[in-house]
Every structure is written in structure tokens, then in C-alpha cells.
Amino acid sequence: MASQLAIHRLNKFLSEKEDLDEVAAAKIDKLIAELQTPGDHFDPVQTIVNGFMDFKIHKFDKYPCLFDKLALGQSPKFLVFACSDSRVSPSIILNFKPGEAFMVRNIANLVPTFSQLRYSGTGAIIEYAVTQLKVENILVIGHSKCGGIQRLMEHPEDGSVPFDFIDDWVKIAQDAKDKVKAEGGGHEACAREAVNVSLENLLTYPYVHKEVSERKIALRGGYYDFVNGVFELWEKHESHISPPMIIPPPQLKM
Amino acid sequence: MAILPPTSSSLSKDSSYSFSLHIQSSTIFGSKLKSGEFQQTRFRLFSNSNSYPGLTIKASRESLGLTQELKSNKLERVVETEDGSDLFEDMKHRFLSFKKHKYLENLEHYQNLAKGQAPKFLVIGCADSRVCPSTILGFQPGEAFMVRNIANLVPPFESGPSETNAALEFSVNSLEVKNILVVGHSCCGGIRALMSMNDEIDKSFIQSWVVNGKDARLWTKAAASKLSFDQQCKHCEKESVNRSLLNLLTYPWIEEKVKKGILSVHGGYYDFVDCTFEKWTLDYKEDNLKEKNGRISVKSHILWS
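Sequence order for the protein chains is R and V.
Take the first sequence: its position 103, counting from 1, is numbered 103 in the numbering used here, and each next residue is one higher.
Take the second sequence: its position 55, counting from 1, is numbered 309 in the numbering used here, and each next residue is one higher.
If you are wondering where the hints come from, they were derived from the structure by calculation, not from laboratory data.
Worth double-checking, as some hints may not be accurate.
As the list claims (entries may be wrong) - Only pairs whose alpha carbons sit at most 25 Å apart, straight line, appear in this in silico DSS-like list of lysine-lysine:
1. V/Lys468 <-> R/Lys145
2. V/Lys369 <-> V/Lys356
3. R/Lys77 <-> V/Lys346
4. V/Lys492 <-> R/Lys69
Please put together the full structure from these sequences, using the hints given.
Encoded structure:
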């Protein structure tokens, strides 16, 4: 915390002091660089401290209008299902700002079918988002190199020892695995198909089905390929799935 | 719904984090739809790519049911509201901005991440739209494996398979994270639902889930009964983080690693009303856990404001 504040104040000093001589300015620049250089030893607490102070200084304190309103309540337009994978935070890749997206993160971004006997965690999220927050969009985002999808595709055929909980969970996408294996596809095909299975499963929740058929909620699937830096987006309608929009389009090299 | 007009004070000059509030006319219609008024939809061919120069709609290279069979050779006319195409456009801009300002500027780092992840944290946070740990704690790609559920709850081992413990198992046993951080927050709707529950037979999904925090509610009702309901909820928000930390230790493979000192367990509380963050670390002492409703022992308790 001390270093973040110090960096902030030193930068401010540099920008405000016009008649600072070169030697002094160079020394301050060096000091800022030293404060910013991470040490060899990873300190989890310092990581959290720095992260929060950065957010507070550069975002929370800079936009009181937005944050005062959010303190009174939230009305996100999106319910997003994304994988727990550390590389695929929708806040980063799709720039969701505070207040925009009610967000679920779980292994392989799966949505189980409606059941009153289990997976109440998912049921609670959908129930809250649809009936209380009244979101207008549900977006399920899959991604490349998903460990959950890999496990689904490889087990039990690889003969490995079952996990306590993971295998039970990823079986939600069993239909995706069966379809892809029948067609000779691989893990990435399964990851995309699993998104569609989750979108279908969403429609088994009565309040989701009702809102979708009344055109009050749109269901969309996404796929983030972080190997090639590409995002695909498509919409699930009741009778069909739209062809995906590819971002950026293949012919525009970016 | 709060519709926020962009003001000069809310527009960022910092191009690396554009905070401009992107208001589209469709949001106004969006709120009307909610009150039951009927909005006239516009019929348009989905394949109309006039609004996306240079973009052709392509089917996925791998034909795997992404497009359903069409009944005839003609493309079906698809009913699209104006909202739908605006939203696609918005998503496109967001992703392209991320690709330009972050992905391509740190290409080597992203290429390394594409080969594999080695996050140091498992973070368990609430699904609330205001408390994304990537935003408030600045976790960058590769740093934190993340679970988000209602009220950032961790059910105990004996409750059986769930969404949350599948992620626990993967992050602790496969990825071997060194830290688990459970982050609670102010004005939590899930905790409020927990505190408001009666003993009804027919539970909603929300109630069936938040009952995982029942020990926190019991403690709060006993210790803070003289406080207002809002204050009790705040106590419960923090207490449920502690209960979740205790529930983490009911998983044998977690307790074993904590005992060996190769896994640390932390609690956090984000108050977005006055923007403070409180953080504490579980001080593992085997004795403490033998008490059924024992208080947990913590160290390094800090508040930043």
C-alpha cells in the first residue's frame, strides 16, 4: 500500500513541478521504477494490497457518480457464465465494468439441467438473475485449452483414478463429448459444443424458458480462443442457432 | 434500472482503461420492455453484413450443430430486435479493444499463458456485478483461478459434489495454488436472503443454496440480536467468510496442505459503500477446529481505506 501511494504521489509531483531540474527528475524516475519493479519473492498479501489500492485510486475515487449509484443497488444487463480458468476473466476480455454483469465462474462454464435435488448453486444464480435482477442477456463463454473439457474428453478412457468432484461435474457436458467423438472432433470442438449444451440446459429452467419465449431475454454463446486472439459470438434462438460472428474477422489481420 | 448519462467527469482520458459509459438508445427501450410495453421488432436478415464492413458471416469450420438444419434451401428470415445487433456490435468493440490494448501489447506473455496456467490464487467471490475480483483486486490473466457464486459460499465436504467443490478440487490438486482467498462484500443479496429465511418446507433455489451459510446466521442472531437488520446482515457477511474458511478445512486435501504450510487461506471483505478492503489470514491451529462452533484464529488482520 505504501509503495502504491508513493508511486501515485511521486507521479503527481513530477507532473506538477515544472521547474524541476534534470538531475532531480531523473532520481525521481529511478525511484518510481524501483518501487514498481516486483521483488523476486512473491508476496500474496502485497499483491492484493497493490491491486486494491490501484483500483481505489484509479477507478473508485475517480468515478464517484458511478460508484455512489452502485452502492445503492445493481441492475446488470448480463448474466455471464465463464470458466474459472485464470486466463479468461470476462471483465478483462470483454471489459465488463462494475454493475454490468452478474457473473458465474465455474469449471468449464457449465450449466446443469434444472433439478430441485442438486446443483442449487447454479439454480440460485439463475433464479436470482432472472427473477430479481431481471437481466436481459445470458451469455455462456467457452474457451480454448479448457482443463475441464480436457478431463471430460480423456476420462475414464485414460484409466486414471476418478476425482472426488470434478468428474461428476464435467459429465454435465457428456452429450457434447458423445457428439464430438462421433464426428471425430477434438477438445476445442467439444468446448464449443459444451457451450451449446449449456444454452439448451438454460431453457430447462421454467423462468428462463418463459422470458426467452417472450423475447425478454436473449441467450448467447461465446468462445474465446486465447491461442489466436479470436472471439466468437452467436445467438441461440428457440428453433436454431445463429452462425457465429468471428472477431476480428479472418480477412482483417490484427 | 439506473441509466447513467456520460458526464465529462466520468469519461476517462486514460486510453488503457476506457471508462466511458456507452449508452445506446436501445437501453431506453430495454427498460420499457420490462414494464410490459410492447416494442415493435424490426425484421431483418441476420446475414445482412452491411453494418460490419469486411465481415462475412461464416459458419464454424467444424460443423457441430452450431447451425441447425434449414427447412429449405432459402435462408430463413430471422426476427432480430434492434437490441440484438447493437449488442453484438458492442461485444465486438469490447473484444477488439482488449485485443489491441492488452493482448497484442503483451503478446509474449499471452502466448506463454496459452501453453498453460499456473495461478498463485484461488479466489472465491460473489456473482454480484459490482465485486469482480479482477476489477477490485486487479488480478491479471494467469494470476487467479476464480469461482463466483451467490454470497461467495463454500459448502462443506460432506455436502457432496457441487459446482464450487469441483473448482476447489481442480485448483488445489491439479493447479496446486498456494493461496485461497474468500472475498465477501457489503449489501450482499444472498446474505440478506439467508438472514430473512423462515423455516419453510418449500425452499426456493436461493434458499437451498444460502442455507450453506446457516452457521453464520446462527452466530449473528446470537451475537448481534440487538443491532438493526442491516447491521446484522453486515456482521453475517463477514462471519460467513469465516465459516467458508472453516468449511475449506473440511476437505482433507486442503487441510493437509494448510497443515504442511504449502497452502494459505485468507478471508477478505470489500465494502463498496465507503471503498474499504479488509483482509485476514487463517492462523491454522488444529485445536481450534475441534470446537464445533469455535471461532477461527486469524493473523495479519488489516483494513485499507
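Verification of the supplied hints:
no., hint, in the structure
1, V/Lys468 <-> R/Lys145, "violated, 38 Å"
2, V/Lys369 <-> V/Lys356, "holds, 18 Å"
3, R/Lys77 <-> V/Lys346, "holds, 17 Å"
4, V/Lys492 <-> R/Lys69, "holds, 23 Å"
Checked against the numbered hints above, the structure breaks only hint 1 and satisfies the rest.
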